[in-house]
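With the hints as constraints, model all of the structure from the sequences given.
Residues in the sequence shown are numbered consecutively from 0, following numbering that gives the first Met the number 0.
Be careful, since some hints might not be right.
[Claimed, not checked] In silico SDA-like pairs for lysine to any residue, Cα to Cα no more than 20 Å straight-line:
1. 550 <-> 427
2. 206 <-> 154
3. 238 <-> 205
[Unchecked claim] The following label-pair restraints were derived from C-beta to C-beta distances:
4. 610 <-> 402: 33 to 41 Å
5. 222 <-> 265: 33 to 41 Å
6. 661 <-> 483: 32 to 40 Å
7. 371 <-> 623: 27 to 35 Å
8. 264 <-> 706: 37 to 45 Å
9. 265 <-> 156: 20 to 28 Å
10. 257 <-> 119: 22 to 30 Å
11. 222 <-> 266: 30 to 38 Å
12. 673 <-> 150: 22 to 30 Å
13. 209 <-> 257: 28 to 36 Å
Quick caveat, the hints were computed from the structure, so don't treat them as lab data.
Here the structure is a predicted model, which means the values were calculated and not measured.
Note that beta-carbon positions come from the ideal geometry of N, C-alpha and C, so glycine has one too.
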Amino acid sequence: MSDQPMSDAPGGNSDAATGSETAMQAALDHHRQGDLVGAKTAYEAILEAEPDNAQAWQMLGLVAHQTGDAATALEKLGHAAALRPDNPDIHVNIAEVLRSEGNAEEAIAAYRRAIAIDPNAQEALTNLGLLALENQYIGEGVEALRRSAILQPDNPAVQTNLGLALREVGDFDNCLVAFARALIIAPEQIAFRQHFLDTLDGGPFIKVPDGIRRLLEDALLTEGLHHQSLVPACVAVLKREEIFQGLLSLAQDPYLNGLSAALEGGQFDTFFTDFLVRGLMTRTVVADPDFETILTALRRLVLQEGVPPQASVPMVQRHPQFVTALAMQAYATGYAWPMVPKEGTLSGILVRDTVKLLAGLDDQADIDASAWSGLMVSSCYRSMSTLVAAEKLLSGDVAGMPSFIVNLIRQQVAEPALEKEMATSIETLSGQPAPVPDNLLAGEQAVLPSPVWSTLPARQEMTLGDIMRSQIPGVDIPRFAEGPINAMVVGCRTGEAAIDLAIQHPESRIMGVDGNSANVAYAWRQAMQRGIGNTRFVVGDIADLATHDQKYHLIGAPDAVSQSADALKSLYILSGLLEDDGVLKIGMYSSSGRAAVKAAREAVAESGLKNDEEGLLAARKLIRELDTGHAARDIMTANAFYTREGCRELLFAEQESLFTVPALAATLAQAGLTFLGFQISDPVLVGHYLELFPDAQNLSDLDKWQKVESEYPDAFSSPESYGTYRLWCQKKQA
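Encoded structure:
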């Protein structure tokens, strides 16, 4: 409901008007701060001086509504409407009170009055649409929501409301478009993604509407979107197409004879030129087992075409854009894809010959087409930075090369070269020079930073208080949270979370800490290239923080606590670094949510596989080939499974702490921390909670959450946050 001052509120002379405005502003300040008693007193004082002040009557009505006095609310709002019948906000307020009292017909009439005054009244259109649908005014409801969506094209909730309405009336094509728009606006929100996927799976689609593809293709080319969150929707669209299913069928043949013949005949050329396919491959990690099956098969064939008898025109020449996209996707996974024995031998020979050829070229000599072909195919198996000196590629006319080659060079040569240079200046937590990892100095197969990423969602500047209010409603906000803060992210990996936080808090200081120097160099390079100057990245871990003497208002630890041998000790250390009332945002692994991880580790251990490069690839292959229904196969729904280092953590972690909800509660209490609430991105989880506890006043009761998890063991699992409680807690006052 609106509490904004009316632009033409009554007033007398300028001095009187100024006094009235000051009094109204003071009253509104009380109201916004939740001081309803003070606000009521202030509004009544205004009315004593100005009995015809419509805004004061309106705001008194809102106070009465907020205190549960509907009759008084309607009386006060009625006075306001009589004084200002042309003000749509007052009619919306009246409608809201009537709706809360179950008087749908009169509420609908009030919304209609508001819209008659202002046809573009967004809140009135949205609420009328929803209420009209509930009361079987189907046509009016759909039309109101359609108009609201036109007026608010960037509001994902409004687009979702329209999608739900269109689904009810059987308009599945436009329903899917509305859900796609909501998903693209806020791809990190699981609910928007699920509406799209459920409708795509359950709708009567012979083929996906063309408009959906265009929306997704454009989204993958748009900066300021979190492209990784679009992967499930994009893959779901591709899987409904005959060309994808045909490729998948042929890719599952271990000999690939049928696929080889089909490629030679150009049967799948449209797949290789598909903007949606190439956009996924160059801007995300495509976390899907079927997609990986296709890409690994195509990589094999691209490699085999270099061995006699060769294809008349090899794939690397027919579709060079696709081959470079294939190389970029392989790099993004950390080269996690499995290989057959012959493939390993052939790729080794190709890499050796390519390195030898390039090493023999003069520094000023151009790389010819044949050498480029070998380099492109080799980079599907090894990072280009390990195949050729960076200077040889970067000293030439890179700008004059095709854009797909430029993108490959940037990913695999230019950015790693910059990270190598920056690595020599990285410091530890104590300010000492950090050891430079061998893989950044040597030319052997690099241990790549993980995870690699390229895009972040656009963010508005927000205070910590704003974020806490949005993620844990009803929480008491510490005073410091309304201004600049000092924050740290422990186990920051390649810096995505720390940089995201820095963008939202440009006046704050953000430090990222990670034990992997390659990750720190990657994070520092990302921050520098984005012009973000309020971050610092250092090498260290939780144990190093035990002697750290800085204090922080906010500490984030996405995985570091659960990945430590002693989670309680780690929490003690982090708690000791918090300011009074400081806030900790952490991830703790759920015992039931990670049941598939346990099953997968048992399967890997039974096979005797070791935690080395050969063992890791074999372990991934083992999990992929387990029988359908095996408990370990669920691990393939985790995004981490599709990168080399992410999979290593899932399958070979040397130490890890798992929790039940009661154990979580006990550990937080022992560490002197108060649980504030879970970070919940999926409203289905809230639905489970309220289904079991319909009278719950908040979402911060861990005893209730224990019941939720016992009923829904995978409640805390999602592809992005597999089997992990994401929670907020606060340092208790001494």
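Hint check:
{"no.": "1", "hint": "550 <-> 427", "verdict": "holds, 17 Å"}
{"no.": "2", "hint": "206 <-> 154", "verdict": "violated, 27 Å"}
{"no.": "3", "hint": "238 <-> 205", "verdict": "holds, 12 Å"}
{"no.": "4", "hint": "610 <-> 402: 33 to 41 Å", "verdict": "holds, 39 Å"}
{"no.": "5", "hint": "222 <-> 265: 33 to 41 Å", "verdict": "holds, 34 Å"}
{"no.": "6", "hint": "661 <-> 483: 32 to 40 Å", "verdict": "holds, 37 Å"}
{"no.": "7", "hint": "371 <-> 623: 27 to 35 Å", "verdict": "holds, 33 Å"}
{"no.": "8", "hint": "264 <-> 706: 37 to 45 Å", "verdict": "violated, 59 Å"}
{"no.": "9", "hint": "265 <-> 156: 20 to 28 Å", "verdict": "violated, 45 Å"}
{"no.": "10", "hint": "257 <-> 119: 22 to 30 Å", "verdict": "violated, 58 Å"}
{"no.": "11", "hint": "222 <-> 266: 30 to 38 Å", "verdict": "holds, 35 Å"}
{"no.": "12", "hint": "673 <-> 150: 22 to 30 Å", "verdict": "violated, 42 Å"}
{"no.": "13", "hint": "209 <-> 257: 28 to 36 Å", "verdict": "holds, 30 Å"}
The structure is inconsistent with the numbered hints 2, 8, 9, 10, 12, although it conforms to all the rest.
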